[in-house]
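Listed below are the residues making up each chain.
Number of protein chains: 2
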Amino acid sequence: MTDARFAALAGAKVLITGGIGFIGSNLAHRLVAIGADVVLVDSLIPEYGGNLFNIDGLDGKVTVNISDIRDVFSLRYLVQGREIIFNLAGQTSHLDSMNDPNTDLEINCRSQLTLLETCRKHAPQAKIVFASTRQIYGAPDYLPVDEKHLLRPVDVNGINKMAGEWYHILYNNVYGLKATALRLTNTYGPRMRVKDARQTFLGIWLRLACENKPFEVWGGAQLRDFSYVDDTVDAMLLAALTPGCAGHAFNIGGDRTISLKDLADLVIKANGAGTYVAREFPAERKRIDIGDYYADDGFFRKTAGWTPRVPLEEGLKQSIAYYRQHLARYL
Amino acid sequence: MTDARFAALAGAKVLITGGIGFIGSNLAHRLVAIGADVVLVDSLIPEYGGNLFNIDGLDGKVTVNISDIRDVFSLRYLVQGREIIFNLAGQTSHLDSMNDPNTDLEINCRSQLTLLETCRKHAPQAKIVFASTRQIYGAPDYLPVDEKHLLRPVDVNGINKMAGEWYHILYNNVYGLKATALRLTNTYGPRMRVKDARQTFLGIWLRLACENKPFEVWGGAQLRDFSYVDDTVDAMLLAALTPGCAGHAFNIGGDRTISLKDLADLVIKANGAGTYVAREFPAERKRIDIGDYYADDGFFRKTAGWTPRVPLEEGLKQSIAYYRQHLARYL
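For the record, the sequence lines run as chains W and Z.
So for the first sequence, our numbering puts the first residue at 10; every next one is plus one.
So for the second sequence, our numbering puts the first residue at 10; every next one is plus one.
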């Protein structure tokens, strides 16, 4: 919290889209602790990540504006004078993107393009950090996946996030906006959606573990990496503060690689008890499954001086502790 | 025209979006000669490639439907019962895409997604061949550019075409539609737009050469490849006929690589006379210039048995001959 690297953010005028969501609200808490001037914009769409309890304790310390990033005029007002925009608003459900591709397009393509046009005209000074996703790589050709890997998204969400990311890079290159995209791996921690598996399967695992109910592990052998949200927040802040990050898309990985089965065991260990049931992938899910994935995030570590600080065991323990205390606010 | 490889298309029910445009109308002429049942859909937006003279001679031999691919309901009707859809409708101007990104998004992203959703529901049997573009590669890391090269589009049009292409691949992979994308290099020949440089600089070169006026060569040292439209049409037909093409994006290159200056000399030679003026790139254009580009299209040649048949000199000669006769219909 008192990391000297972030001292320059004291007093900085920051806007966070998706600011009441999982990562956005963790960013908000951190930025308030640093002393930044923070505006949060969020639409609180019930199926997405926004939850007012996420900003519990920030009353009077942040400005909250409930509006949708598809709302061009509210955005035009909100970006003005902002020095840093953490652009995290998005539709993140892969199955939703297949069932309703048009809404995904509106949020993940059009609204991103609109935001960038708006910044170009009304906030050309703003640095923008965009939350992209490892999903845009699709099924890896090689591991770990670095930024030289082809993008081959396997769902509508991935295609639209890929376009959304490239709009940012383009506006950086052509219009001199300063924009960086972070291709986040699975992020977890306090304030994530745990009501269901819409945000990530790990959310529902943590919930069920807290409720002393068995959770389901689909497949189990797949290798993945997981980023504890405090580390993700570090990455976002460093991306905003490091001039060399502008114009690039960077992988953000975890502190280690682990199979889902081993992760399930760690969740149970962090919880002190629990069980899980191993399941076969359903056909619908299998078609868009990408097998193993873990990131080579050396480019970002080198450019921004970032390194994950929270080991998986510790992050899971903190997550469980959070939901043991606050689970009712997330159901 | 009487190529035995295309005999299977006799009687085939075909829909061409952008069917009154440059490549679409050349496809239409060829398919009519083969004996296919052809429906053309085109919006005839004045700034785009559609020109009714392009389908001169096809009266009574094709069904012409003037509507826009943004028009969901007309598309729903038009795709029904079609066995092959050549999906060529698009916004192609790079500068327009920067000045009006939203229209580019509507046409090159949303309409593509809508068309695919419509096919999934109302024409699941259709094979779809999508006209993608080499523009999505951006500035090459290496030459010739093969399909393993990263996509790094340098304008809004390139980003949206990239998304449009990936929607096709996705719907092939997930829903069993049969879709292929061809990343076309600079295509030229009869029926291209020559009124201005909106479609390609080569159009305005050919026009000015025919008018015995000097044309302008920006830069001049850049290496490029050029596909004569008859060869492009061959590629589209083979993509539709070759089962192994489904689910892939293929480069389509030219018969050779040439610098713009040497191309200018060839145009003058094909025309029998003429001059050009060498110009420096303007700053606005320079920022999105990609330097040299030429394709490695070996993957498509191998998969579909395609090879360009018209040498550049011959293609330019035929183009000049066409515009000498019909220039007034293109101004």
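Just so you know, the hints here were simulated from the structure itself, not pulled from any lab data.
Careful, some of the hints might be misleading.
Heads up, the list lumps identical chains together, so a pair's fine if it works in one copy or across two of them.
[To be verified] Straight-line alpha carbon distances no greater than 25 angstroms define the calculated DSS-like cross-link-like pairs of lysine-lysine that follow: (1) K22 with K204; (2) K295 with K187; (3) K130 with K295; (4) K326 with K222; (5) K204 with K311; (6) K157 with K22.
Inset, instruction - Give the relationship of K22 and K204 under a CA distance limit of 25 angstroms: within one copy only, between copies only, both, or neither. - result: neither (33 angstroms within a copy, 49 angstroms between copies)
Inset, instruction - Tell me, please, which holds for K295 and K187 at an alpha-carbon limit of 25 angstroms: within, between, both or neither? - result: between (38 angstroms within a copy, 20 angstroms between copies)
Legend entry - Status of K295 relative to K130 across identical chains (alpha carbons, at most 25 angstroms): between (44 angstroms within a copy, 22 angstroms between copies)
Legend entry - Alpha-carbon proximity between K204 and K311, which holds within one copy, between copies, both or neither at 25 angstroms: neither (37 angstroms within a copy, 51 angstroms between copies)
Legend entry - Intra- versus inter-subunit Cα pairing at 25 angstroms for K157 with K22: Intra 34 angstroms, inter 42 angstroms, cutoff 25 angstroms: neither.
Inset, instruction - Go through the copies and call it for K326 and K222: within, between, both or neither, with a Cα cutoff of 25 angstroms. - result: This pair counts as within: shortest intra-copy Cα distance 17 angstroms, inter-copy 76 angstroms.
Checked against the numbered hints listed earlier, the structure breaks hints 1, 5, 6; every other hint is satisfied.
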